[in-house]
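Undergrad: If you want the building blocks of each chain, they are given just below.
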Amino acid sequence: MIRSIIHILHGTYTQLRSLVMVFSHAFRKRDTLQYPEEAVYLPPRYRGRIVLTRDPDGQERCVACNLCAVACPASCISLQKTEAEDGRWYPEFFRINFSRCIFCGMCEEACPTTAIQLTPDFEMADFRRQDLVYEKEDLLISGPGKYPEYNFYRVSGLSITGKPKGAAQNEAAPINVKGLLP
Amino acid sequence: MATIHIDGKTYEVDGSDNLLQACLSLGLDVPYFCWHPSLGSVGSCRQCAVTQYNDENDKRGRLVMSCMAPVQDNMWISVEDEEAKKFRASVVEWLMTNHPHDCPVCEEGGHCHLQDMTVMTGHNKRRYRFTKRTHQNQELGPFVAHEMNRCIACYRCVRYYKDYAGGTDLGVYGAHDNVYFGRVEDGVLESEFSGNLTEVCPTGVFTDKTHSERYNRKWDMQFAPSICHGCSTGCNISPGERYGELRRIENRFNGEVNQYFLCDRGRFGYGYVNRTDRPRQVLLDGQALSIDTAFARLSDRLKARRLVGIGSPRASLESNHALKELVGAENFSTGLTQSEQELLELTLDILQNGPLPTSTLRDVEAHDAVFVLGEDLTQTAPRIALAVRQAAKGKATEIAAGMKIQDWHALAVKNVAQNALYPVFIASTQETRLDDVADTLHAAPADLARFGFAVAHFIDNTAPVVTGLSNEVLAQAQSLALSLLAARRPLLVAGSSLGSRAILEAAANIAKALKNREKAASISLVVPEANSLGLALLGGKPLESVLDLSTADALFVLENDLYRRLDAQRVDEALSKVSTLVVLDHQQTETLKKAQFVLPAATFAEADGTLVSQEGRAQRFFQVFDPTFYKPGDQVRESWRWLHGLSSALKGQAIDWTLLDHATEACAAAVPALAGIRDAAPKASFRIKGLKLAREPLRYSGRTAMRAKINVHEPRIPQDQDTAFAFSMEGYSGTQELRQQIPFAWAPGWNSPSAWNKFQDEVGGHLRAGDPGVRLIEPSGADSHWFSVCAAYQPEAGRFISVPVHHIFGSGEMSALTPVMQSRIPAPYAVVSSEDAERLGLKDGAQVQLRSDTQSLTVTLNLSTQLQPGLIGLPVGISAIPVKAGLVIDAIEECVQ
Numbered sequence: 001m002i003r004s005i006i007h008i009l010h011g012t013y014t015q016l017r018s019l020v021m022v023f024s025h026a027f028r029k030r031d032t033l034q035y036p037e038e039a040v041y042l043p044p045r046y047r048g049r050i051v052l053t054r055d056p057d058g059q060e061r062c063v064a065c066n067l068c069a070v071a072c073p074a075s076c077i078s079l080q081k082t083e084a085e086d087g088r089w090y091p092e093f094f095r096i097n098f099s100r101c102i103f104c105g106m107c108e109e110a111c112p113t114t115a116i117q118l119t120p121d122f123e124m125a126d127f128r129r130q131d132l133v134y135e136k137e138d139l140l141i142s143g144p145g146k147y148p149e150y151n152f153y154r155v156s157g158l159s160i161t162g163k164p165k166g167a168a169q170n171e172a173a174p175i176n177v178k179g180l181l182p
Numbered sequence: 001m002a003t004i005h006i007d008g009k010t011y012e013v014d015g016s017d018n019l020l021q022a023c024l025s026l027g028l029d030v031p032y033f034c035w036h037p038s039l040g041s042v043g044s045c046r047q048c049a050v051t052q053y054n055d056e057n058d059k060r061g062r063l064v065m066s067c068m069a070p071v072q073d074n075m076w077i078s079v080e081d082e083e084a085k086k087f088r089a090s091v092v093e094w095l096m097t098n099h100p101h102d103c104p105v106c107e108e109g110g111h112c113h114l115q116d117m118t119v120m121t122g123h124n125k126r127r128y129r130f131t132k133r134t135h136q137n138q139e140l141g142p143f144v145a146h147e148m149n150r151c152i153a154c155y156r157c158v159r160y161y162k163d164y165a166g167g168t169d170l171g172v173y174g175a176h177d178n179v180y181f182g183r184v185e186d187g188v189l190e191s192e193f194s195g196n197l198t199e200v201c202p203t204g205v206f207t208d209k210t211h212s213e214r215y216n217r218k219w220d221m222q223f224a225p226s227i228c229h230g231c232s233t234g235c236n237i238s239p240g241e242r243y244g245e246l247r248r249i250e251n252r253f254n255g256e257v258n259q260y261f262l263c264d265r266g267r268f269g270y271g272y273v274n275r276t277d278r279p280r281q282v283l284l285d286g287q288a289l290s291i292d293t294a295f296a297r298l299s300d301r302l303k304a305r306r307l308v309g310i311g312s313p314r315a316s317l318e319s320n321h322a323l324k325e326l327v328g329a330e331n332f333s334t335g336l337t338q339s340e341q342e343l344l345e346l347t348l349d350i351l352q353n354g355p356l357p358t359s360t361l362r363d364v365e366a367h368d369a370v371f372v373l374g375e376d377l378t379q380t381a382p383r384i385a386l387a388v389r390q391a392a393k394g395k396a397t398e399i400a401a402g403m404k405i406q407d408w409h410a411l412a413v414k415n416v417a418q419n420a421l422y423p424v425f426i427a428s429t430q431e432t433r434l435d436d437v438a439d440t441l442h443a444a445p446a447d448l449a450r451f452g453f454a455v456a457h458f459i460d461n462t463a464p465v466v467t468g469l470s471n472e473v474l475a476q477a478q479s480l481a482l483s484l485l486a487a488r489r490p491l492l493v494a495g496s497s498l499g500s501r502a503i504l505e506a507a508a509n510i511a512k513a514l515k516n517r518e519k520a521a522s523i524s525l526v527v528p529e530a531n532s533l534g535l536a537l538l539g540g541k542p543l544e545s546v547l548d549l550s551t552a553d554a555l556f557v558l559e560n561d562l563y564r565r566l567d568a569q570r571v572d573e574a575l576s577k578v579s580t581l582v583v584l585d586h587q588q589t590e591t592l593k594k595a596q597f598v599l600p601a602a603t604f605a606e607a608d609g610t611l612v613s614q615e616g617r618a619q620r621f622f623q624v625f626d627p628t629f630y631k632p633g634d635q636v637r638e639s640w641r642w643l644h645g646l647s648s649a650l651k652g653q654a655i656d657w658t659l660l661d662h663a664t665e666a667c668a669a670a671v672p673a674l675a676g677i678r679d680a681a682p683k684a685s686f687r688i689k690g691l692k693l694a695r696e697p698l699r700y701s702g703r704t705a706m707r708a709k710i711n712v713h714e715p716r717i718p719q720d721q722d723t724a725f726a727f728s729m730e731g732y733s734g735t736q737e738l739r740q741q742i743p744f745a746w747a748p749g750w751n752s753p754s755a756w757n758k759f760q761d762e763v764g765g766h767l768r769a770g771d772p773g774v775r776l777i778e779p780s781g782a783d784s785h786w787f788s789v790c791a792a793y794q795p796e797a798g799r800f801i802s803v804p805v806h807h808i809f810g811s812g813e814m815s816a817l818t819p820v821m822q823s824r825i826p827a828p829y830a831v832v833s834s835e836d837a838e839r840l841g842l843k844d845g846a847q848v849q850l851r852s853d854t855q856s857l858t859v860t861l862n863l864s865t866q867l868q869p870g871l872i873g874l875p876v877g878i879s880a881i882p883v884k885a886g887l888v889i890d891a892i893e894e895c896v897q
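Protein chains in written order, with the UniProt record's numbering: chain Z, 1 to 182; chain X, 1 to 897.
Some hints here could point you the wrong way.
[What the hints assert, rightly or not] To give an idea of the interface, some chain Z residues facing chain X are shown, with a C-beta separation under 7 Å as derived from the structure:
(1) Pro36
(2) Val40
(3) Val63
(4) Gly87
(5) Pro112
(6) Phe127
(7) Arg129
[What the hints assert, rightly or not] With beta-carbon atoms standing in for the labels, derived distance ranges:
(8) X:Ser38 / Z:Ala167: 49 to 55 Å
(9) Z:Phe93 / X:Pro718: 19 to 25 Å
(10) Z:Val177 / X:Glu737: 46 to 52 Å
(11) Z:Glu123 / X:Tyr630: 49 to 55 Å
(12) Z:Tyr147 / X:Arg62: 36 to 42 Å
(13) Z:Phe93 / X:Gly8: 41 to 47 Å
Treat the hints as calculated values from the structure; they're not laboratory data.
From a predicted model like this one, the values you see are computed outputs, not experimental measurements.
Built from N, CA and C at the ideal position, the CB exists for glycine as well.
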């Protein structure tokens with residue numbers, strides 16, 4: 001008998017407590033953001049729209065090595081290597097089919113030149129699926145993105161105009177094959 | 001056989017192998033660099049170390065280099081031993097101290113033996129803090145790129161280039177860390193087999209420059225097992241496609257044919273497939289039509305007309321047979337001129353009814369005396385020349401065996417032999433690129449044949465005698481005959497490249513003579529084009545006999561440029577009378593430009609079909625890619641599909657060849673000699689574990705983006721009804737199940753061409769499922785008559801008789817259309833003997849005009865000390881120079897500057 005009275009009293013209390021808690025939210029700060037009027041905060045490492053960046057000298061970073069394409073689990077990246085007159089490799093075309101992209105960031109992880117980067121931007125919705133196919137001109141930005149310093153061709157890679165053999169990091173000057181010294 | 005114990009397990013292995021071979025043959029992964037199945041062991045890289053124990057109780061063991069350790073019975077070794085693993089990881093780390101960090105911009109990346117071995121040994125972090133040595137690169141010509149920084153000094157390149165292929169212009173210079181592999185100075189690599197460097201080099205020092213132009217990784221290519229169309233040798237190739245372009249040709253291992261190597265014509269001569277001027281639409285008088293309209297119009301035009309068909313030795317058997325069915329056997333021509341066809345028929349007759357078996361390409365290397373009669377092999381069937389070179393070097397293995405040195409001990413074998421060679425004799429009109437391993441005789445074609453007849457007589461004196469030979473030539477013939485008789489297995493190589501019937505007759509006599517003396521000899525006859533022998537087995541009339549056309553006739557020309565075979569005047573005359581000229585081809589040939597109807601034919605990369613190589617091996621080539629995937633309106637189809645479709649339309653029947661198998665079956669059923677082609681490759685219904693075979697590697701990328709520019713909605717991938725292959729990565733691509741037809745070499749952990757290990761019964765041996773192809777010709781020995789000796793060559797005063805000079809780059813019709821070949825194709829020239837030039841007062845390099853009764857040509861004059869007076873050598877297939885052998889030049893005059 002006493003046990004059931006305690007049960008009823010406890011039930012009444014929890015009901016009232018819930019009512020108070022719910023109504024108290026009317027006076028608290030709103031959690032809902034009034035998007036799009038209010039901008040959403042995205043952390044810098046948010047994985048959104050993919051861009052192709054340039055090195056500090058303003059040259060395209062992408063060397064068309066195809067590693068992003070092969071790392072992509074949705075197989076939504078395709079590109080074609082070509083060579084500039086100075087000897088740099090670069091993509092003749094670079095295409096990402098964002099209607100297939102899952103923004104997993106594996107392309108960025110695979111990229112040896114920090115060319116491909118995911119950015120904190122998700123506002124890519126479009127009316128036509130075809131418009132979600134981004135070509136190089138849609139992807140390439142004019143800055144270095146998250147890695148302001150890195151320049152692949154200064155660290156290693158082939159010799160190009162302005163960076164002869166032996167001029168990369170940790171490289172000795174080319175050997176004189178005709179030299180007689182041991 | 002020997003029993004060895006590896007990591008506690010017991011295996012039976014070949015006792016004559018080294019440990020590395022034995023381990024790889026067992027399917028174990030032992031990393032290595034300097035060893036190569038065709039080059040043997042030198043033990044220079046130290047990568048293949050394993051631990052050897054004295055017996056089962058020995059727990060300490062000692063490190064041995066497995067490539068230098070012969071297999072011994074009851075041997076105890078460990079691959080997985082910690083010390084051995086550590087040692088191998090250190091070796092890779094040392095090799096990598098100087099390796100540049102440039103894999104992203106390296107063409108080898110993704111099919112790199114160094115990458116594979118580094119991953120296999122577990123090295124992943126550079127600890128060495130000091131600088132990397134660098135080297136300047138060299139410009140090595142249009143085919144091979146050079147990036148010396150990547151070198152790990154395994155010495156494979158020079159061992160291949162100098163020791164195996166006989167090249168002289170690539171060497172190793174410097175000492176210790178400085179060693180440099182290259183030429184003395186920049187310049188085009190001279191060897192006709194330089195392309196193999198790209199596969200022999202375990203890293204990216206030598207890479208395929210033609211591929212680099214339009215580069216993509218190996219994992220991104222679509223492959224199919226294919227057959228090289230460059231010459232009649234029938235090498236197996238693995239062509240790769242990306243974005244609708246043929247990007248690269250790699251070697252496809254066939255243990256009976258080309259094994260690990262190709263020639264440069266085969267490897268780099270694929271550019272014609274990608275030409276933008278190729279016919280891709282059905283054209284009626286220059287106007288594009290849909291396929292249905294074209295069929296309707298064409299059948300209207302063809303009804304109640306006599307149809308005449310001209311086939312081609314560069315088209316598949318199926319296509320030629322489809323044409324024969326369409327026009328009827330009495331109206332079908334092989335597309336060869338009378339003289340070409342006679343030579344081809346004689347060749348076939350010698351192979352079918354002669355006494356000697358044809359040698360497979362691999363077996364050529366096992367002969368111990370070779371007589372090459374009238375062929376410049378390096379130019380006409382280059383891969384055979386490379387095999388003949390190995391035959392000559394077989395002497396070294398024999399000497400070594402006598403001293404109990406195993407054949408894989410490459411340096412020991414080389415040193416003990418001191419350049420000793422088995423006898424090779426080359427009788428040719430001029431110097432050849434094989435002369436460095438041979439004794440030679442240079443004479444006019446008729447005299448070469450007479451020399452051959454003389455050799456036959458010296459071998460077996462019942463053969464007809466040759467009279468009137470000089471004592472010097474007789475002595476040469478006699479000594480050659482003696483060395484052929486002294487050999488265990490002599491090989492006779494001849495062919496029709498000089499256009500001389502007498503040479504083939506002489507070869508037939510030598511074959512009979514060798515048989516009469518009961519020698520275990522073989523023969524190898526070179527024919528001009530990829531499917532020449534298939535066409536000979538199929539049969540048909542010579543070109544001239546079907547060209548007497550009337551205005552009521554409709555003429556079909558299948559993948560054949562008549563202007564390359566007959567005088568332009570003669571062809572013009574014949575074509576002008578035809579009411580309807582239908583040309584099926586994949587290139588803008590002169591003949592195609594005259595056509596009313598153009599049906600765009602598929603090249604080897606877009607078609608399936610069967611070819612018969614010069615050894616009589618029927619081999620199937622498979623479609624690499626479907627061009628309509630990227631170009632939806634593309635109308636390129638296999639010739640046999642066009643022709644059978646037309647034939648059905650004309651007969652008002654339903655099309656009953658819907659599969660390649662139907663076309664092959666029809667051809668095999670119609671021609672008894674070709675019955676074997678059914679078994680040349682598995683049928684379309686072939687499955688492994690219920691799967692089709694994958695054309696694409698598992699990592700094939702970009703599938704949802706590569707076509708997204710055309711339309712983001714992805715169509716179903718093309719369905720291949722014709723073959724057991726899928727245009728997809730989905731399908732079987734493993735190594736465990738038996739399969740002969742392997743589109744690309746890949747096995748888990750093995751991305752480079754070294755992955756062929758995983759498909760072979762023993763490393764460097766044969767494919768586990770058997771080598772692809774079926775031999776159609778076995779000699780009956782029925783023909784027992786001797787050919788009589790031909791007349792001697794008589795120079796005529798004031799006149800020159802032309803002899804064809806073949807060029808590996810340029811003489812093949814298709815290689816000449818390949819843009820990257822252009823710089824290697826000689827400019828139009830003529831070569832005469834120095835004596836004639838002196839008599840006419842002409843200098844080397846002069847611009848001269850050649851006049852015959854029908855035409856005149858302006859060419860550069862070259863002089864030769866070897867060519868006989870009265871002969872004029874004209875390069876075959878070079879534009880503006882007539883192809884015909886035996887052309888008479890009445891006058892050579894210097895052009896006024």
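Undergrad: State for each hint whether it applies.
TA: Evaluated hints:
With a cut of 7 Å, the hint placing proline 36 (chain Z) at the interface with chain X is violated, because the nearest CB-to-CB distance is about 26 Å. Annotation: valine 40 (chain Z) was flagged as interfacial toward chain X, and the flag is violated, the nearest CB pair being 28 Å apart, outside 7 Å. The interface hint given for valine 63 (chain Z) holds, since its Cβ lies 5 Å from the closest Cβ of chain X, which is under the 7 Å cut-off. The criterion of a C-beta within 7 Å of any C-beta in chain X is not met by glycine 87 (chain Z), whose closest approach is roughly 9 Å, and the hint is violated.
At its closest, the beta carbon of proline 112 (chain Z) sits 5 Å from a beta carbon of chain X; the interface hint therefore holds under the 7 Å criterion. For phenylalanine 127 (chain Z), the interface hint is violated, the least distance from its beta-carbon to any beta-carbon of chain X being 13 Å, above 7 Å. Given the 7 Å rule on beta carbons, the hint for arginine 129 (chain Z) holds: about 5 Å separates it from the nearest Cβ of chain X. At about 38 Å, the CB distance of serine 38 (chain X) to alanine 167 (chain Z) disagrees with the hint of 49 to 55 Å.
At roughly 22 Å, the beta-carbon separation of phenylalanine 93 (chain Z) and proline 718 (chain X) lies within the given 19 to 25 Å, and the hint holds. A hinted range of 46 to 52 Å for the beta carbons of valine 177 (chain Z) and glutamate 737 (chain X) is consistent with their spacing of about 49 Å. Under the hint 49 to 55 Å, the C-beta atoms of glutamate 123 (chain Z) and tyrosine 630 (chain X), about 32 Å apart, miss the expected range. Taking 36 to 42 Å as the suggested C-beta distance range, the pair tyrosine 147 (chain Z) and arginine 62 (chain X) does not conform, at roughly 49 Å.
A C-beta distance of roughly 54 Å is found between phenylalanine 93 (chain Z) and glycine 8 (chain X), which places it outside the suggested range of 41 to 47 Å.
In this structure, the hints that do not hold are numbers 1, 2, 4, 6, 8, 11, 12, 13, in rising order.
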